[in-house]
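All chains, full assembly: derive it from the sequences and hints.
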Amino acid sequence: MTRLWAELRERVRALVRRRDAEREMEDEFSFHLEMEAEELRRTGVEPDEAMRRARVAFGGTERMKEEVRDARGVRALEDLAFDLRLTFRRLVAQRGFTLVVVLTLGIGIGATTIVYGLLRGVVLAPLPYPDPQRLVMMEEITPDGSRFSVSLPNYRDFQREQRSFSHLAAVADRDVALLGTGDPLSLHAQSASAEYLPMFGIHPVLGRLPTAGEYSRGERTVVLTYALWQDRFGGTPDVLQRAIVLDGEPYSVAGVMPRDFETPGEPALWLPLANAHDAEREDHDLMAIGRLAEGVAIEAAESDLARIATRLGEAYPETNSGWSVQLTSLRERMVGESWPRAAWILMSAVGLLLLLTCVNVASLLLARSLERGRELSLRLALGASRGRLVRQLLTESLALSGLGAVAGIAIAVAFLPLVREALPADTPRLAGVKVEPTMMFVSLALALAVGLMFGMAPAIRAARMRAREALADHARGERPGAGRVREALVATEIALAALLLAGAGFLGTSLLRLQAVDTGFDTAGVLVVPLSLTSERYADGGVQRMVNGLEERLGSLSSVSAVGTSNVTPFGTWGTVVNLSVEGRPSGPGQTTFASWRAVTPGFFSAAGLRLLRGRLLENADHAPDAPDRIVVTETFANRLFPESDALGKRVAMGVNGTNWREIVGVVEDVRDLEVEQLPAPLFFLPGIGNWANVTLLLRAPGQSAAISPAVRAVIAELDPDLPVPAIEPLADRVRRSTAGPRFYLQVMSGFAFVALLLAAMGVYGTMSYTIARRTKEFGIRLALGARPGSVRRLVLRRAAVVAMVGLTTGTVAAVLLSSALGSMLYESPGVEPLTLAIGAVVLAAVVVLAALIPARRVARISAMRALRVDG
Amino acid sequence: MAADERSELLQGTLELLVLRTLALEPMHGWGIAQRIRQLSRDTFAVQQGSLYPALQRMLRKGWISGEWRVTENNRRARYYALTAAGERRLSEERAEWERASAAVNWVLGGRRAGGAA
Chain A
196 MTRLWAELRE
206 RVRALVRRRD
216 AEREMEDEFS
226 FHLEMEAEEL
236 RRTGVEPDEA
246 MRRARVAFGG
256 TERMKEEVRD
266 ARGVRALEDL
276 AFDLRLTFRR
286 LVAQRGFTLV
296 VVLTLGIGIG
306 ATTIVYGLLR
316 GVVLAPLPYP
326 DPQRLVMMEE
336 ITPDGSRFSV
346 SLPNYRDFQR
356 EQRSFSHLAA
366 VADRDVALLG
376 TGDPLSLHAQ
386 SASAEYLPMF
396 GIHPVLGRLP
406 TAGEYSRGER
416 TVVLTYALWQ
426 DRFGGTPDVL
436 QRAIVLDGEP
446 YSVAGVMPRD
456 FETPGEPALW
466 LPLANAHDAE
476 REDHDLMAIG
486 RLAEGVAIEA
496 AESDLARIAT
506 RLGEAYPETN
516 SGWSVQLTSL
526 RERMVGESWP
536 RAAWILMSAV
546 GLLLLLTCVN
556 VASLLLARSL
566 ERGRELSLRL
576 ALGASRGRLV
586 RQLLTESLAL
596 SGLGAVAGIA
606 IAVAFLPLVR
616 EALPADTPRL
626 AGVKVEPTMM
636 FVSLALALAV
646 GLMFGMAPAI
656 RAARMRAREA
666 LADHARGERP
676 GAGRVREALV
686 ATEIALAALL
696 LAGAGFLGTS
706 LLRLQAVDTG
716 FDTAGVLVVP
726 LSLTSERYAD
736 GGVQRMVNGL
746 EERLGSLSSV
756 SAVGTSNVTP
766 FGTWGTVVNL
776 SVEGRPSGPG
786 QTTFASWRAV
796 TPGFFSAAGL
806 RLLRGRLLEN
816 ADHAPDAPDR
826 IVVTETFANR
836 LFPESDALGK
846 RVAMGVNGTN
856 WREIVGVVED
866 VRDLEVEQLP
876 APLFFLPGIG
886 NWANVTLLLR
896 APGQSAAISP
906 AVRAVIAELD
916 PDLPVPAIEP
926 LADRVRRSTA
936 GPRFYLQVMS
946 GFAFVALLLA
956 AMGVYGTMSY
966 TIARRTKEFG
976 IRLALGARPG
986 SVRRLVLRRA
996 AVVAMVGLTT
1006 GTVAAVLLSS
1016 ALGSMLYESP
1026 GVEPLTLAIG
1036 AVVLAAVVVL
1046 AALIPARRVA
1056 RISAMRALRV
1066 DG
Chain B
6 MAADERSELL
16 QGTLELLVLR
26 TLALEPMHGW
36 GIAQRIRQLS
46 RDTFAVQQGS
56 LYPALQRMLR
66 KGWISGEWRV
76 TENNRRARYY
86 ALTAAGERRL
96 SEERAEWERA
106 SAAVNWVLGG
116 RRAGGAA
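Chains as they are written, first to last, in our numbering: chain A, 196 to 1067; chain B, 6 to 122.
You may find that some hints are simply not true.
As the list claims (entries may be wrong) - Just so you have them, the derived chain A footprint on chain B, three or more residues with Cβ under 8 Å:
(1) 23 to 37
(2) 54 to 61
(3) 77 to 85
Said to hold, decoys possible - Residues on chain A that point at chain B, a partial pick, calculated with CB under 10 Å:
(4) 222
(5) 229
(6) 258
(7) 265
(8) 266
Stated by the list, open to error - Cβ pair distances, simulated, as ranges:
(9) A:247 <-> B:76: 19 to 25 Å
(10) B:109 <-> A:640: 50 to 56 Å
(11) A:234 <-> B:110: 32 to 38 Å
(12) B:93 <-> A:576: 39 to 45 Å
(13) B:110 <-> A:276: 49 to 55 Å
(14) B:75 <-> A:247: 24 to 30 Å
If you're looking for bench data, these hints aren't it; they were derived computationally from the structure. From the three backbone atoms N, C-alpha and C, an ideal C-beta is built for every residue, glycine too.
Quick look at the structure:
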């Protein structure tokens, strides 16, 4: 016990009184040496010789000191403190180096963390409901294999006969006007079946969910989102006692959902789905979502529904023959198809960038460590233990990596809001994009690994060599092996930069192609005014009357040159599709002809700027109530349906067994009115808005589009003061938004490519400077022997050119190989794009040459005499 | 490996020698070194500096204590003295040493081992 105590006391004393202990040791050693020398002098040795012999007998004092320090037993702690102090001093002394390494690592880690946050939040994160993997989206599949919404009668049959779901719900989008709570407000709502809200397994924060009984009795009850409750009802509980007015009808509020409850379509409230008994099997307008029963696999549920689909096909051959059903995980369906692809590609790109930053840091550390070779061998010669040196280098590497990781986290936290801002507004689950600790740790681990690997290399070498050898070795200059490693690292950097540059190039040319797409619209000066005319005053032809009134009033405004209306908002979220019958062709199972259709007013064509190819456009006369039914079709429609003859004069009817024949009177150029990326579908225009509640006005007001909005609002308010104020927007903005995704990918990729270019340039510059510094003596000799500065410079540049070529070639070949992976993200990719690759390679080569030339100029300034005096 | 074993052996021997030296009287480092040289009849040819790490280890183990005093020639020196723990250690070590060297002697030629001074 006492011994333990003594030992502890001695250790603490050693730690606390380190300085005293050091001084005591010095005193003790010099006392010893003096005594020994004195003893020798007494035997007649000369004083100087006596001291020398005393030292020899004593052994290396520095080594002995080290051993005494070790024997104190507090080395680990003491050394750590010492190493940290030393590291800190070194890092401060080499500010430039430290800053570059920390920033490089920081950019790599920060970018990776952000992109992973994106991937995780948008694509990978599970849906925020209990047992989310059991939620599936159900879609009907047309006989020609495309996905379709579900029709109400079909849904009712599926729902009744299925044996695989605990809930099978249907929901339809619906816009409603909310009156009586301030300004009239147009709300995006959903009509939901009784199973819909309970299916998610989330309880309301206030009130309850309506019962199935209430739904089937057709009672008017709604459930509000938290946001709507807060914004319009003050967030007070008495909303449950109030009646609210939607489209002029009173509803009672059953409950309010929690703040973070998000559902597909993001409605503001849920109404009961009308149990219309006259709904057509052909009208596919419902989104069906189900919760699989416990333990039922998605495939089993699908075959269960397929059985029902087959039965329906037999029972209703006209509408259901050949149709089947598909189930998809709700998460996948909500995320969509393009996002997972895009997010994974961005993740791969940022992975390359992280790799590049690591390579860059590795080459920086390697250069630094070679410079330190001399310092290390000197310390070794002076008696530092090898373990001690390794520990010191370890501390330095870890400190650098640690700082890099901190910088990375700071960058991620600072830039994530900006990235979220830059994301396309229709990005699914945008709110879930955040800094993910997992990725931070992975990046940190990677940074540490790089720091250790390349920071330790010289330490391991130092540990292997003897001090004298080390000094001698150093005097000989750089070891050839180390130069190879550095060159390989720089070549890797150039290759990675070439790859990222090519990626950005491919996305860039793809975006250029996309922006050059002719949508068929002439967007200049066109405003889009979406209206939802849902209240009861628009029943019985009220919509058409309102549209006529609006067009008349707005058309008379002096700056408006054309005004027209469509039932579909250009570049909005949905369009209308119908199954057509063609006159003279047999219809029946398997004979389906789908075409998009738009109900328009006569002014629509000139307001939208559609170009007529043949025949004529729809005119006022075609809108007369007793006029013969006539339509205008697009080129694709004409070519697809009538490949062998002229479409003009042919007749088609809506519906599988349609009889209301409509004559084609004109063909216009193709139109892309939903997404720029989507190839034009067969589309036709028919006259008259009918009773379509959602209508969109297009106003052509050349040069006046911004100033005219207040006048438009005034006209609308005059005609219907209760109508919610619409969001008026230039058509060009909507088109632009449709390409927001590709633009965002390009921005990110360009950012990566730019950083990659910078890092590659840094790598080349660093290596060149270093090589030149190391070979100054050799160059001096060459110059002294009569070599011209130009030829010496060429010598240096030739080596750099070889490295650059190797990197460039590797990177370009890899880019060609990987371009197919990017292909799915590219618009109409022509395959390998030699021009894009060439431009990227030229840019990279130029940057590399520049980075090599700057240090190479120094060669010319080497003076032979001074170079020869350079030590080392 | 072989080098490590030998130095370990030497270390143990050195500690035993220091303990024996200090059993006579407190002594400073140089004095201990001189005494060891005489005791081992100059066969113990390690560098004198190696003494100090050994002293530091023994201080830590509580076998000896150190104190700065003035020598007879009026110089400051650190004197080491045996503690109670050190004395116990010495008798243990001595017994151990005698057993071991007796065994070695017996193996090497059956000559009767004599206690070393």
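Hints, one by one, checked against the model:
1. 23 to 37: holds (count 3)
2. 54 to 61: Since 6 is at least three, the answer is holds.
3. 77 to 85: holds (count 4)
4. 222: holds (7 Å)
5. 229: Holds: closest Cβ of chain B sits about 8 Å from residue 229 of chain A, inside 10 Å.
6. 258: holds (8 Å)
7. 265: Since chain B brings a Cβ to about 7 Å from residue 265 of chain A, closer than 10 Å, the hint holds.
8. 266: Holds. Min distance 4 Å.
9. A:247 <-> B:76: 19 to 25 Å: holds (24 Å)
10. B:109 <-> A:640: 50 to 56 Å: holds (55 Å)
11. A:234 <-> B:110: 32 to 38 Å: holds (35 Å)
12. B:93 <-> A:576: 39 to 45 Å: At roughly 42 Å between Cβ atoms, residue 576 of chain A and residue 93 of chain B fall inside 39 to 45 Å, so the hint holds.
13. B:110 <-> A:276: 49 to 55 Å: holds (50 Å)
14. B:75 <-> A:247: 24 to 30 Å: This hint holds: roughly 28 Å between Cβ atoms.
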